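Student: Letter by letter, the chains look like this.
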Amino acid sequence: MDKVDGTEHYNFKQAADLATLQVIIIDTNPIAWQLLKQSSGLSFPDALSQILIFANAHLAFSQANRAAVIANHIDGAHFLSPVPPGSDTADPDEANMTPEQQKETSQRNASKYRVFRLFEDEVRASYRRLIKSTTAETVDAIPNGSALSGALGLALTYINRICFGGTGGRSSGVPGDEKSKVNSAGGKVDDTGRTMHAKILIVSVTPDPANQYISVMNGVFAAQKLTVPIDVCKLRESTVFLQQAADATGGVYMEPEHPKGLLQYLMMGFLPDHLARSSLILPTRVDVDFRAACFCHKKVLDIGFVCSICLSIFCEPPDGAVCSTCDTKLDVSMLENIGKPVVALPKKKKKKKVTDSLPESGVASAADSPAPTEG
Amino acid sequence: MSSATATAAYKKKDGILSLATDGKSLIWQAVLATIPSAPIVIPVDTITNLQATPPTSTKVMIKVFAQSTPKSTIDQYVFTFTSSSEDATTLKAALTAAIQAIKSANEQELVPAGGDDKENINESVTPKFSKILKNRTDVELKNDMALQQAVLSSSPTLQKKFHEVVVEGNMTATQFWSTRVHLLRAHAVERSQSRGSYNVLASIKPKNEDSVVRVSLSRDQIHTIFEQHPIVRKVYDEVVPKLREDDFWRRFFLSKLYKKLKGEKLVPTDAHDDVLDQYLKTDDSDHTLEAEYRPRIPHTIDLGGNEDNHSQKQGNRPDLTMRPNKIENVPIIRTLNNLSSKLLDFVTPVDVADGPPNSRPQDIGNSKLRDLQADTREQNVLLHVKNHKQFFDLEIKPARNQQLQPVAMNTQTSTILSHLYHDTASSNDFETNIRVASEDQKPRLSDNLYNSDTVSTEDMISLRSASTQISSILSTRRLQMPGRANRPIRIGSHGFSQNIWDQLLLTHATSTEFLRHFWDAFFSGDPRRTAEIRQMVNSLARSQERIENIALSAEEEKKIMQEIEQRESDRKRSRFGNRANDTGYPLVKRVIGPQEAAIKTALTRYERALETEAPKLLIQD
Chain Y
1 MDKVDGTEHY NFKQAADLAT LQVIIIDTNP IAWQLLKQSS GLSFPDALSQ
51 ILIFANAHLA FSQANRAAVI ANHIDGAHFL SPVPPGSDTA DPDEANMTPE
101 QQKETSQRNA SKYRVFRLFE DEVRASYRRL IKSTTAETVD AIPNGSALSG
151 ALGLALTYIN RICFGGTGGR SSGVPGDEKS KVNSAGGKVD DTGRTMHAKI
201 LIVSVTPDPA NQYISVMNGV FAAQKLTVPI DVCKLRESTV FLQQAADATG
251 GVYMEPEHPK GLLQYLMMGF LPDHLARSSL ILPTRVDVDF RAACFCHKKV
301 LDIGFVCSIC LSIFCEPPDG AVCSTCDTKL DVSMLENIGK PVVALPKKKK
351 KKKVTDSLPE SGVASAADSP APTEG
Chain S
1 MSSATATAAY KKKDGILSLA TDGKSLIWQA VLATIPSAPI VIPVDTITNL
51 QATPPTSTKV MIKVFAQSTP KSTIDQYVFT FTSSSEDATT LKAALTAAIQ
101 AIKSANEQEL VPAGGDDKEN INESVTPKFS KILKNRTDVE LKNDMALQQA
151 VLSSSPTLQK KFHEVVVEGN MTATQFWSTR VHLLRAHAVE RSQSRGSYNV
201 LASIKPKNED SVVRVSLSRD QIHTIFEQHP IVRKVYDEVV PKLREDDFWR
251 RFFLSKLYKK LKGEKLVPTD AHDDVLDQYL KTDDSDHTLE AEYRPRIPHT
301 IDLGGNEDNH SQKQGNRPDL TMRPNKIENV PIIRTLNNLS SKLLDFVTPV
351 DVADGPPNSR PQDIGNSKLR DLQADTREQN VLLHVKNHKQ FFDLEIKPAR
401 NQQLQPVAMN TQTSTILSHL YHDTASSNDF ETNIRVASED QKPRLSDNLY
451 NSDTVSTEDM ISLRSASTQI SSILSTRRLQ MPGRANRPIR IGSHGFSQNI
501 WDQLLLTHAT STEFLRHFWD AFFSGDPRRT AEIRQMVNSL ARSQERIENI
551 ALSAEEEKKI MQEIEQRESD RKRSRFGNRA NDTGYPLVKR VIGPQEAAIK
601 TALTRYERAL ETEAPKLLIQ D
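Protein chains in written order, with the numbering used here: chain Y, 1 to 375; chain S, 1 to 621.
Some hints here could point you the wrong way.
Said to hold, decoys possible - Examples of chain Y residues toward chain S, derived with CB under 8 Å:
#1 Arg124
#2 Ala136
#3 Pro256
The hints are simulated quantities; they were obtained by calculation from the structure and are not laboratory data.
Just so it is clear, the structure is predicted and the values come from calculations on it, not from any experiment.
Idealized CB from N, CA, C, for every residue including glycine.
Take the sequences, apply the hints, and build the full model.
Tutor: Following this line, the structure appears as structure tokens:
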């Protein structure tokens, strides 16, 4: 009887058929790329073209697949593609081009798959506009600038709109829909109401923005809830946050040793969609560093103190037992009690010694700092 | 529990015997003013026995046996009622009820879940809501040995761990349970729940033997039938003196009544029973029960209360068929629904109201339309999240200098920007690069397309090394995949025998247990727990030894395995040779590695605390 029933068949097909939205977050910090170029020879234009090949490969998999590129710039996050509705899509140099140049460009583009060309032109033009509007002073003022949390937030809200927005109503006006003309979502919906799957790729060259720890982690947990894997390609400056982001969301974390072969890493590591991933061994990093950075001194901890209200992590009890994040007055008596000298027992040193393979955290010092010596 | 009072004499002194209003104690107060005496108070839960003269006797007496504390002597009190015999009877009944209530409450706590289902059903009919929902304190749970035994026997793994840690190790049972109060609580709650009633008629299957229908019926089943179908009890009460009991049941199981109750269709060919068929049209519902167990709905919002007067329904409309036996063939689905709701009525409701209906002031509040009210103020806990920037400014400043230097030596920021701008221009070889890369499969992704093969070979090299890195990660990950076939099947999927594996698991579990208690005590700051800490340190040291021993025995096992392998074919041996580094001692060490590190950290921390603490204590002393 069951075999005659066709519902099972339909269900399976729906789940398998959903297209994928690939959101790529690229660090566009000029200094960081310059440093990478000096150390490994991979320049940003090279990397961008390789990332575009990767995006095209993703688009080529299915007509319904979509891609979005977000620039994590020094002073904020910007959509490179699709461009926000109403903004200028033309290349900043286009106005100055001679008719011959324009003709040449259009001829060269003539043989190219239209979807690829539109997407590439859009990304490139937006990037050039972004760079043109960036002054050297801004860059010098914040050389390590990164808007990771903002970019992640943009990516997630965009995913939420595209993948869960439904078919009618407001989602028809998603940013850039009429401008980018790249793709359109298929009309299918799976049982959770999502119309597309999504994944995020972060190509990162900047160090961890420690002051954004909370917002980045919130973004990670949101992605986890939406079952959106966050892949991380860390070309420079090893990171703790993004490792945990990839691990928590089931994404791939890679630190390429040979950044010039970026394309290879992208293609082999990050291309598979959610269906393929379930049956592949992913080249994600083997040993994930689960330790969290404390909020107060950015130290990576084994054992620490956690605010009972906002879950901020501290390597030692904060000043005056007031949580520095949420201003909650913590239970001082408990803190004072901890580590109070007990007969033949804890009054631990402030000095930190590395005694074994595990890095010593600040707990020992934390335990005794609020409690002056007894007697 | 209503209080009851009666005048009664104790040791030939007149007084008043009364039951306290809470039903917890029996109080006798002398009335004789001349001899002031303290009232005798007997807590009801200490009463072990109660004897009374039959109500017909002229001198009504009651004898109370009370055991004040466990294992002490039993005190006897004899009260002679001087008032009317009605008063005496009321008091006796009240006292008996109070004793019963307390006893059964205790019993319910003690009787394990495996007890008789029927009993539980009967018990649950009498309301004891407070007992079922009673929250037990942690201390109560920790001291409940019977409960702990039950928890242990329900989980073999826990029992094993308990055996290892408490029976053979040196942890006390209290310590063991102190971190598992949640398990005890869960089990206690689980035990306090009982299986509900079931559709008893459906479970009785008449057997056809030699054209005689045989039905086996237990006393419990009869009881449940009566409970679920009051009509059967009614018929039984009215018919049985006339009919013999077995005769009644025989006829019942053949009757139309039985079929109707079961929800089967009545057909004209059914045998006629002139006694039982009279009751076919009687309504099989127990209104008293319904009234008692219906959820308490205030009349102000009780829509069902007006059902009978509902003119839109059948209320006042004449029945079109004008036939009384309209519902003779009730569809089975409705029969089952009725029965199910009846079964649910037997279940003790959790949210039963204490007071009489329509007396609660909040009912008025509940019947208000909330969306017409003004918005209530939100009572959120506000988090004032502060910017952390001040913490990081210190870190960023030196970093900036570091960062800027290498860049500044070569280029100005503005140059970098303009380079970036021009290199991504459309007039560049941007697309060409991509096309060439895909056509030749020999990517030349550098700025200059036309320049030499050296660039492209360099690119090739980096692409190759990229592949190598990915493949190496992949192979490492594949090794970690569970259940891969790259381990000899003979010694189990983990790389060593089941025996070693079990030992490892057990050691891991116990060590985790010790670690947990160690840190708990270590950071408690409680001087009284010093002994416990020392004990845990010893246990942890022994855990280290145990791990070492397991690793050594794994090594021995490996050697034996290798000998066996050597006797086998060369091909197999060579395959084993590849793995040789990854089994035995090193493998065990690697598997348990994290925990060993954790134990080491704990011990080091303890030693360091000792070192720094000991001198200070000496000075203090």
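Student: Going through the earlier hints one by one, which of them does the structure break, listed in rising order?
Tutor: Per hint list: zero violations.
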